[in-house]
Amino acid sequence: NAGVTQTPKFQVLKTGQSMTLQCAQDMNHNSMYWYRQDPGMGLRLIYYSASEGTTDKGEVPNGYNVSRLNKREFSLRLESAAPSQTSVYFCASSEDRNSPLHFGNGTRLTVT
Amino acid sequence: AQSVTQLDSQVPVFEEAPVELRCNYSSSVSVYLFWYVQYPNQGLQLLLKYLSGSTLVKGINGFEAEFNKSQTSFHLRKPSVHISDTAEYFCAACSTGGGNKLTFGTGTQLKVEL
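These protein sequence lines are chains A and B, in that order. So the first sequence is numbered by the working numbering: it starts at 1 and just counts up by one. So the second sequence is numbered by the working numbering: it starts at 113 and just counts up by one.
Please keep in mind that the hints were generated in silico from the structure rather than gathered at the bench. Keep in mind that this is a model prediction, so the values were computed, not measured. There may be inaccurate statements among the hints.
Lysine-lysine pairs mimicking BS3-like chemistry, simulated, CA-CA at most 25 angstroms apart [what the hints assert, rightly or not]:
#1 B:Lys-213 to A:Lys-71
#2 B:Lys-213 to B:Lys-161
#3 A:Lys-57 to B:Lys-213
#4 B:Lys-223 to B:Lys-213
#5 A:Lys-9 to A:Lys-71
#6 B:Lys-181 to B:Lys-161
To list a few chain B residues with every Cβ distance to chain A over 10 angstroms, as calculated [stated by the list, open to error]:
#7 Asp-120
#8 Phe-126
#9 Ser-138
#10 Ser-182
#11 Gln-183
#12 Arg-189
#13 Gly-217
#14 Lys-223
#15 Val-224
One-sided excerpt, in silico: chain A residues whose CB lies under 7 angstroms from chain B [claimed, not checked]:
#16 Gly-40
#17 Gly-42
#18 Pro-100
#19 Asn-105
#20 Val-111
Where is the CB? At the ideal position from N, CA and C, for every residue including glycine.
Just chain B, with the same shape it has in the complex (with noise of 0.2 angstroms):
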């Protein structure tokens, strides 16, 4: 089994100023990560995906995420903002032999103000 935790709940932060929002997993195993986004009253949708290979993967609308197995970490990050991201990020984790069985974290909500 595994566990996903994203540190921070809430990231205000200015339009055009770059973020990172913070993910770490434990797990006994080898594990498949994603970073999924949630606009308001819809589903999540998928941003980047790490499977094997390089370990800065990057993903749609700008982003990119850099896997850090020796830190457990899959850190999500954007050199610029807009305004249209805001929206609630989620972390998830699956074990490589796990069959898709993902476990998110509790969630970020990013905040871009003008």
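Only chain A is shown next, with the shape it has when bound in the complex (with noise of 0.2 angstroms):
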């Protein structure tokens, strides 16, 4: 059982350039998250999706946009990448709203 995993690990990119951010779960929950994380500011919610079909903006969703491929899938992506995007980006699923989150390993973004 994989649970929730992200690809890739690791990514550079220039300012400008985009980029997207894979996440799969396997646990067939409803839920699914992106945060990220910055030295001394803890996890930030970007966007979530509650259920298959929908998505809904977090604390900082500026700069990224997000979509819910369907129950297992919800990918993040950088349109146009700036430094203040450099980071360590974490999906998370939940079963329902009450659940706790399971998250993937992450992937540190790097924005030069």
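Bring the two chains, given one by one in their own frames, into a single complex with the hints.
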């Protein structure tokens, strides 16, 4: 049971480049989330999807877009990367609104 | 909306000593509370959660936390730490009607020394 799988693990982009971070879960969870983790700031919610077919903004959505492709997959896209988006990105899923989150191992993104 | 404050960014402790990691929250509504642990280069794992009922919650790896509504606290404790407990610990909260939109604290780095 793989849980939550994120790809890639590492990525370096130049300012202005675009990329998509992929996330898939095999636990049949309804809800999925994207967080970013920055030193001294904890984790901040970028976007979430309460169920297949729905997405909503979190605390820091600017500069990002998401797609809930199906129940398993939730991707995060940076259309024009900026150095401020250098961070570690975590995808998470949960069975329902009151269930604990299950996290992937993260994607470390550097924007130069 | 709620906020979560972890007062200590780093806590050094000797092996087999007790430890308490502090967490305070503020919210105008009822909340669920969680503690997560993050080992180096990994995602977060759930240690324990408080949803309702008994205010003393036991989690994995010998950790426990006590929900104190009057002090709006949810401190994490372990009576005797091990080297393997070295990690970063995050407290998190979400409103009971908030659809699992967790608000995280800034984290506490626990360093267990011999």
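Comparing the hints with the structure gives:
At most 25 angstroms may separate the alpha-carbon atoms for a hinted pair to count; Lys-213 (chain B) and Lys-71 (chain A) meet this at roughly 19 angstroms. Annotation: proposed proximity of Lys-213 (chain B) to Lys-161 (chain B) holds, straight-line Cα distance about 15 angstroms (limit 25 angstroms). Pair hint Lys-57 (chain A) plus Lys-213 (chain B) holds up; C-alpha atoms about 10 angstroms apart against a cutoff of 25 angstroms. Taking the CA atoms of Lys-223 (chain B) and Lys-213 (chain B), the gap is near 29 angstroms; set against the 25 angstroms cutoff, the hint is violated.
Between Lys-9 (chain A) and Lys-71 (chain A) the alpha-carbon distance is near 22 angstroms, which keeps this suggested pair within the 25 angstroms criterion. Among the hinted pairs, Lys-181 (chain B) with Lys-161 (chain B) is consistent with the structure: their alpha-carbon atoms are about 15 angstroms apart, no more than 25 angstroms. Even its closest Cβ contact with chain A, about 13 angstroms, leaves Asp-120 (chain B) beyond 10 angstroms, as expected for a residue assigned away from the interface. At roughly 26 angstroms, the least C-beta separation between Phe-126 (chain B) and chain A is larger than 10 angstroms, which holds for a residue marked as non-interface.
Distance check for Ser-138 (chain B) against chain A: the nearest CB is about 15 angstroms away, which clears 10 angstroms, and the non-interface claim stands. For Ser-182 (chain B), the shortest C-beta to C-beta distance to chain A comes to about 24 angstroms, beyond the 10 angstroms cut-off, and the non-interface label holds. Interface exclusion of Gln-183 (chain B) from chain A stands, the closest Cβ pair being 21 angstroms apart, more than 10 angstroms. No Cβ of chain A approaches the Cβ of Arg-189 (chain B) within 10 angstroms, the least distance being about 20 angstroms, so the stated non-interface status holds.
The claim that Gly-217 (chain B) is not at the interface with chain A is violated, since a C-beta of that chain comes within 10 angstroms of its own (minimum 6 angstroms). With a cut of 10 angstroms on Cβ distances, Lys-223 (chain B) stays outside the contact zone with chain A, its closest approach being about 16 angstroms. Distance check for Val-224 (chain B) against chain A: the nearest CB is about 21 angstroms away, which clears 10 angstroms, and the non-interface claim stands. Hint status for Gly-40 (chain A) relative to chain B: holds, with the closest Cβ pair at about 6 angstroms, below 7 angstroms.
Of the supplied interface hints, the one on Gly-42 (chain A) holds, with its beta-carbon coming within about 4 angstroms of a beta-carbon of chain B, less than 7 angstroms. Interface hint at Pro-100 (chain A): satisfied, since its Cβ lies 4 angstroms from the closest Cβ of chain B, which is below the 7 angstroms cut-off. Because the closest C-beta pair between Asn-105 (chain A) and chain B is about 5 angstroms apart, less than 7 angstroms, the hint holds. For Val-111 (chain A), the suggested interface contact is broken, since its CB lies about 20 angstroms from the closest CB of chain B, more than 7 angstroms.
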